[in-house]
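Asker: Residue numbers (my numbering), protein chains in the order written: chain X, 1 to 379; chain Y, 1 to 379.
If you are wondering where the hints come from, they were derived from the structure by calculation, not from laboratory data.
Misleading hints may appear alongside valid ones.
Copies of one chain are not kept apart here, so a pair can be met inside one copy or by any two copies together.
To be verified - In silico EDC-like cross-links for lysine to aspartate or glutamate, where the CA-CA straight-line distance does not exceed 20 Å:
{"no.": "1", "residue 1": "Lys299", "residue 2": "Asp287"}
{"no.": "2", "residue 1": "Lys299", "residue 2": "Asp146"}
{"no.": "3", "residue 1": "Lys215", "residue 2": "Glu94"}
{"no.": "4", "residue 1": "Lys329", "residue 2": "Asp232"}
{"no.": "5", "residue 1": "Lys2", "residue 2": "Glu249"}
{"no.": "6", "residue 1": "Lys215", "residue 2": "Asp232"}
{"no.": "7", "residue 1": "Lys52", "residue 2": "Glu40"}
{"no.": "8", "residue 1": "Lys311", "residue 2": "Asp234"}
{"no.": "9", "residue 1": "Lys227", "residue 2": "Glu343"}
{"no.": "10", "residue 1": "Lys127", "residue 2": "Glu275"}
{"no.": "11", "residue 1": "Lys87", "residue 2": "Glu228"}
{"no.": "12", "residue 1": "Lys215", "residue 2": "Glu102"}
{"no.": "13", "residue 1": "Lys209", "residue 2": "Asp146"}
{"no.": "14", "residue 1": "Lys225", "residue 2": "Glu94"}
{"no.": "15", "residue 1": "Lys87", "residue 2": "Asp222"}
{"no.": "16", "residue 1": "Lys79", "residue 2": "Glu212"}
{"no.": "17", "residue 1": "Lys206", "residue 2": "Asp222"}
{"no.": "18", "residue 1": "Lys87", "residue 2": "Asp234"}
{"no.": "19", "residue 1": "Lys120", "residue 2": "Glu43"}
Values in this document were obtained by computation on a predicted structure and should not be read as measured data.
2 protein chains.
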Amino acid sequence: MKRNLLLTPGPTQIPPEICAALGRPIIHHRTPQFQENLKEAVEGLKHVFQTKNDIYLLTSSGTGAMEAAVCNLLSPGDKAITVEGGKFGERWSELCRSYGVEPDVIKVTWGKAVDPARIKKILDTHKDIKAVFITQSETSTGVTTDVEAVARVVRDTNAVLVVDAVSGLGVIDLQMDNWGVDVVVSASHKGFMLPPGLAFISVSAKAFKLVETSKSPRYYFDLRKSKEAMADVDTPFTPAIGIVIALNESLRRIKQEGLQNLFACYARLASGTREAAKALGLSIFPDESCLSNVLTAVKLPAEVDGNKVVKIMRDTYGISVAGGQDTLKGKIIRIAHMGCVDEYDILTGIACLEKVLLKLGHKFTPGVGIAAAQKVFIT
Amino acid sequence: MKRNLLLTPGPTQIPPEICAALGRPIIHHRTPQFQENLKEAVEGLKHVFQTKNDIYLLTSSGTGAMEAAVCNLLSPGDKAITVEGGKFGERWSELCRSYGVEPDVIKVTWGKAVDPARIKKILDTHKDIKAVFITQSETSTGVTTDVEAVARVVRDTNAVLVVDAVSGLGVIDLQMDNWGVDVVVSASHKGFMLPPGLAFISVSAKAFKLVETSKSPRYYFDLRKSKEAMADVDTPFTPAIGIVIALNESLRRIKQEGLQNLFACYARLASGTREAAKALGLSIFPDESCLSNVLTAVKLPAEVDGNKVVKIMRDTYGISVAGGQDTLKGKIIRIAHMGCVDEYDILTGIACLEKVLLKLGHKFTPGVGIAAAQKVFIT
Chain X
1 MKRNLLLTPG
11 PTQIPPEICA
21 ALGRPIIHHR
31 TPQFQENLKE
41 AVEGLKHVFQ
51 TKNDIYLLTS
61 SGTGAMEAAV
71 CNLLSPGDKA
81 ITVEGGKFGE
91 RWSELCRSYG
101 VEPDVIKVTW
111 GKAVDPARIK
121 KILDTHKDIK
131 AVFITQSETS
141 TGVTTDVEAV
151 ARVVRDTNAV
161 LVVDAVSGLG
171 VIDLQMDNWG
181 VDVVVSASHK
191 GFMLPPGLAF
201 ISVSAKAFKL
211 VETSKSPRYY
221 FDLRKSKEAM
231 ADVDTPFTPA
241 IGIVIALNES
251 LRRIKQEGLQ
261 NLFACYARLA
271 SGTREAAKAL
281 GLSIFPDESC
291 LSNVLTAVKL
301 PAEVDGNKVV
311 KIMRDTYGIS
321 VAGGQDTLKG
331 KIIRIAHMGC
341 VDEYDILTGI
351 ACLEKVLLKL
361 GHKFTPGVGI
371 AAAQKVFIT
Chain Y
1 MKRNLLLTPG
11 PTQIPPEICA
21 ALGRPIIHHR
31 TPQFQENLKE
41 AVEGLKHVFQ
51 TKNDIYLLTS
61 SGTGAMEAAV
71 CNLLSPGDKA
81 ITVEGGKFGE
91 RWSELCRSYG
101 VEPDVIKVTW
111 GKAVDPARIK
121 KILDTHKDIK
131 AVFITQSETS
141 TGVTTDVEAV
151 ARVVRDTNAV
161 LVVDAVSGLG
171 VIDLQMDNWG
181 VDVVVSASHK
191 GFMLPPGLAF
201 ISVSAKAFKL
211 VETSKSPRYY
221 FDLRKSKEAM
231 ADVDTPFTPA
241 IGIVIALNES
251 LRRIKQEGLQ
261 NLFACYARLA
271 SGTREAAKAL
281 GLSIFPDESC
291 LSNVLTAVKL
301 PAEVDGNKVV
311 KIMRDTYGIS
321 VAGGQDTLKG
331 KIIRIAHMGC
341 VDEYDILTGI
351 ACLEKVLLKL
361 GHKFTPGVGI
371 AAAQKVFIT
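For reference, chain X alone in the conformation it holds in the complex:
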């Protein structure tokens, strides 16, 4: 019988208990019963976002919440900074342009992280910049941004800092309030172990002032409507009821494990994955200095086609990892360690990778990959 193991950077595995919650009979959303669920969800999210700010639920994928950030904070002609070091950084720029904002783009080589000093330099000379958009963990490259350091250069300026934490929240640390981040967006199908279809956005008081003055057209993603509804423990439009209810299962699990323990666990999984790759004679795509613990991007030898690796692992063995995007197509594979995943899952993934690499002609002693990972897991 074939496995169905997802080591992809979203969607991630859904634990059986959460699958069961998703299969429950539905309840109506405009009832005290649902309100209890919504209230509990928002409280639990605040714990994961490490914030006292308001959090709004949007029925959309993560991109919907990113669009909400852009159209609620900026008006046509406004100035903003974006950081492009991968597909999701580019998305911020595309979103800005869609709303008549030509961003000041900081280009970063794929595999490297932005130097906060570059952001500071622009902010120092352009006092009219309203927002800085960054990506906590860039899923296309496996790079993590030092959000705390960026927050340090943004928080005392007029600009607000907006962080795409779609893939990183609950996986790596993000202390929204302590670090002074203004807007954080995330989604259900990564660290939260849920199906895609629900997104989250948390907004500081400083950022909400921009929401109140933005002239960009918006309706479904209008956070003024969200705020008004939330005052009555409600959502402005019919929410993804099933996912909200299942979210509480996920939040209970996260609370029970403890955020810091989870971060440590994912760090160990990431470390084991990297050691395994190295033992197999492969190198890690991103710079040592900015490795994300959310996923590991592994460079493949020139003679091995990454698309084939992904396809064989998935279609022959039922184990899903992601390939590379754009210029990285065929050159890397990405193994996620987020959400419901443990060391045995990682060992399974690496064991399967070993099998496929050998089949495709890459030479190494079978077992060295899993042994190297196990060495990390055992200490």
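The hints should help you fit chain Y onto chain X, whose structure is shown.
Answerer: Chain Y alone, transformed into the frame defined by chain X:
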């Protein structure tokens, strides 16, 4: 043990088989496995929309698809007609205004339907009107619009006809191609018996020309992106995977029953509900001429508080119906007959209503309501 019966106009009951599908382990969306699901879903939706036009899936509630229609078809300063005879007709006007379009609003008394001649009159004198927005079944009042008749006055003009069929699709007839409707929007949690979180929009070639020229800002709901992705059997952003997979269960059920049989069945349920209400000495809120088979809005006697009826039915007996909105608050209750509901559910709902009405002092012979409904169901 308390029932959990939803006779609300969205969300509606989810059949156990679909609940089970929602609880299945997740699969990744960028795989041949999911593509098969997506392809099947679009084909099945075309059957229900009665169209050969493209259909795009949006991960949002129905309002998201309504916004997609407005921002993809219209540019700021464009002209459009909206019809306001209830909350959802008003939503079209609000959406237009959000995008810089001041609509020509046709006001219709709540409980009545628009006379297509009023639309024709405006179109005859305003050749620059780009779109006419109507509501197939107005959920706030229980009124149905004669979409076919409206299409007759719109289809040979420059304007496109956009129909909010969020609550009516699959419940009452809508022949998109035969009648010449340009854009139809719907959502997962009404006739499709699924949780909220997935919306659908079908666009004719005539309407897609407007999509290509609209200057309104948009990204997540940009139908140009949807069309491009759909050419590769893909969605531009991570879709609500779980609901798409469950949608195929729903579409198979709908196909098996047969659309015409379903329409006839819901018509019988609506008729039974109306007869029951009359037997209980209550009247039906909308005009005889425009009764929707999607839901029945029942006027309550002045001495009975509709909010109390809804609350007691739900909290004491576990049976959910909807109350009135805006000026109808407390004055009507709304009983839906859409999605997964049969005559025994309606009898249950009416039996419970009888109980609660008696408790609240309304006088009638117990059993006359269910007997009147049963008389309809038995013939």
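Asker: With reference to the structure, classify each hint as holding or not holding.
Answerer: For each hint, the structure was consulted:
1. Lys299 x Asp287: within (12 Å within a copy, 69 Å between copies)
2. Lys299 x Asp146: neither (23 Å within a copy, 61 Å between copies)
3. Lys215 x Glu94: Classified as both; 18 Å inside a copy, 15 Å across copies.
4. Lys329 x Asp232: Intra 47 Å, inter 17 Å, cutoff 20 Å: inter-copy only.
5. Lys2 x Glu249: For Lys2 and Glu249, the Cα distance exceeds 20 Å both inside one copy (28 Å) and across copies (23 Å).
6. Lys215 x Asp232: neither (26 Å within a copy, 35 Å between copies)
7. Lys52 x Glu40: within (14 Å within a copy, 44 Å between copies)
8. Lys311 x Asp234: between (43 Å within a copy, 17 Å between copies)
9. Lys227 x Glu343: neither (41 Å within a copy, 40 Å between copies)
10. Lys127 x Glu275: Result: close neither inside a copy nor across copies, 45 Å intra and 69 Å inter.
11. Lys87 x Glu228: Between copies only: 18 Å across chains, 34 Å inside a chain, cut-off 20 Å.
12. Lys215 x Glu102: both (16 Å within a copy, 16 Å between copies)
13. Lys209 x Asp146: Neither. Shortest intra-copy (26 Å) and inter-copy (45 Å) distances fail the 20 Å Cα cut-off.
14. Lys225 x Glu94: between (25 Å within a copy, 13 Å between copies)
15. Lys87 x Asp222: between (25 Å within a copy, 18 Å between copies)
16. Lys79 x Glu212: Within one copy, since 17 Å is at most 20 Å while 27 Å is not.
17. Lys206 x Asp222: within (17 Å within a copy, 30 Å between copies)
18. Lys87 x Asp234: between (34 Å within a copy, 17 Å between copies)
19. Lys120 x Glu43: neither (34 Å within a copy, 52 Å between copies)
Checked against the numbered hints above, the structure breaks hints 2, 5, 6, 9, 10, 13 and 19 and satisfies the rest.
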